[in-house]
Amino acid sequence: MVFTLNLGFDRGNARTNVAVIPDGSKAFVEIDVSSMIAEGNIRRYQMVKSGSGSSDNASELMVEHEGSVYFLADFASQGRNPTTGFGDKNRYHGSHTKIALMGYSAMLASRLGSNSRDLVVNLVMGVPFQAFQAEQEKIMDELTGSYEFSYNGRDFTLYVDSIRVFMEGAGAAIYHGFEKDATIGIVDSGSLTTNILRFNGAEAHTEECTSFEIGIGTALDRLNSRFEEKYGRELEASEKQQILYASLGRIPYPDLYASGEQVDGANLHTWILAAIAETGRDKNTQIAKLWSSQSGKTASSFKRVIHVGGGAYYFHPSLQQIIKFAEMLPESERANSRGFAVLASRIAQRKALKRA
Amino acid sequence: MRDRDKYYYIQVALPKNNAAIQRMVGESERLDTPLPILARQACINMYSEDVGLQPRVKPEAKQEPAPGVSVSEQSFSSADDFLDNL
Chain A
1 MVFTLNLGFD RGNARTNVAV IPDGSKAFVE IDVSSMIAEG NIRRYQMVKS
51 GSGSSDNASE LMVEHEGSVY FLADFASQGR NPTTGFGDKN RYHGSHTKIA
101 LMGYSAMLAS RLGSNSRDLV VNLVMGVPFQ AFQAEQEKIM DELTGSYEFS
151 YNGRDFTLYV DSIRVFMEGA GAAIYHGFEK DATIGIVDSG SLTTNILRFN
201 GAEAHTEECT SFEIGIGTAL DRLNSRFEEK YGRELEASEK QQILYASLGR
251 IPYPDLYASG EQVDGANLHT WILAAIAETG RDKNTQIAKL WSSQSGKTAS
301 SFKRVIHVGG GAYYFHPSLQ QIIKFAEMLP ESERANSRGF AVLASRIAQR
351 KALKRA
Chain B
1001 MRDRDKYYYI QVALPKNNAA IQRMVGESER LDTPLPILAR QACINMYSED
1051 VGLQPRVKPE AKQEPAPGVS VSEQSFSSAD DFLDNL
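In order, the protein sequences belong to chains A and B.
Number 257 in my numbering belongs to position 257 of the first sequence; there are no gaps in the numbering.
Number 1020 in my numbering belongs to position 20 of the second sequence; there are no gaps in the numbering.
Take the hints with a grain of salt, since some may be wrong.
What the hints assert, rightly or not - Which residues of chain A face chain B? A partial, calculated answer using Cβ under 7 Å:
{"hint": "1", "residue": "Ile42"}
{"hint": "2", "residue": "Tyr175"}
{"hint": "3", "residue": "Ala202"}
{"hint": "4", "residue": "Tyr253"}
{"hint": "5", "residue": "Leu256"}
{"hint": "6", "residue": "Tyr313"}
None of these hints come from the bench; they were simulated from the model.
Even glycine gets a Cβ: it sits at the ideal position worked out from N, Cα and C.
So that you can see chain A by itself, here it is in the shape it has in the complex (with noise of 0.2 Å):
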């Protein structure tokens, strides 16, 4: 027996999220996990498991693929080599996405009940705006196949029917839905990509859309500038995001040392929130660069702006200074893996209708 998803992907630098309507059901089935892949082993696998080699917590999350192991999510720390592809220019069709797509395909049908091995995916991605113009094909032929691999030690096929790649953005226009007749305007804040997407209607106005690297990387190595000249050592990535997640007043400023000597939460509170604050005005000259009228007023066209993404929590205030009405959607990091849920719900749809 096969068991079907139709599935939204989002496949974030930092964060990769993933949703999907269930049949019957109109409700997402969701995953939030962290976009980290590392090399693991069997044998650590069961260690941590067992609970005999490590006192963590992480969730089990591993994958076997063409004689190689994985760990991921939160449980690659307990692997070599943890990344999440940054910077690797085939990171939207080569093996990160696909042992992703097989770990959370796997992992969404078990949490749905299937005991089936066999799983069918029919797939809705989203990349940045320059991607979708460049690679859209190749992405869609790389990723198109049938994948064998077990997933926590059960073993699956996983036969990749269709997939269209969109721009991110697109996905969280739809979760939010068109204005008929109106334009809205789509801002992506992600972790190292902006998209900005204008939508009239339901048609996308290419012209007015685009994406460019300043994201929430940037205002973190504006951080680790500022941390390295104070303290003469650079931040762990773990640490950035500590101060990242204090600087909302989530979590408190981490406790740091550099050289025996401690440091300043002060410090960290200052720099994080300059640092936000600079990144966020490079972002909006390149919006404004894009969405501004001759009278100089940015959007003003528009009937909604509608600011989505990771970023968008420390971004969104910086965003309003230049275009006032800007809405940040709640749970915005997930708008867009909703999104192309929807689109692939309805894709299937489609296609089934068409082969009655």
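Go by the hints and put chain B onto chain A.
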């Protein structure tokens, strides 16, 4: 316990028998958030480790999906409009 980027601190007393763990699960299910599933998982895992048993519920295999966000009709009709415009 972490759920995405949120941290929850849960104080649990390790139950000494199955009846106790059932009572604990029953209590946690009254909360209408995704937290009960995580809490239940934590309780079961902690209990199982404490008494040297395999966890009664394996995390990824039997975890019930949390009640999801509903899909609006507007999303469905927007997807149709988008596809019609391609």
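Right, here's what the structure says about each hint:
no.	hint	in the structure
1	Ile42	violated, 17 Å
2	Tyr175	holds, 5 Å
3	Ala202	holds, 4 Å
4	Tyr253	violated, 15 Å
5	Leu256	violated, 19 Å
6	Tyr313	violated, 9 Å
In summary, the structure is inconsistent with hints 1, 4, 5, 6 from the numbered list given earlier, while agreeing with the others.
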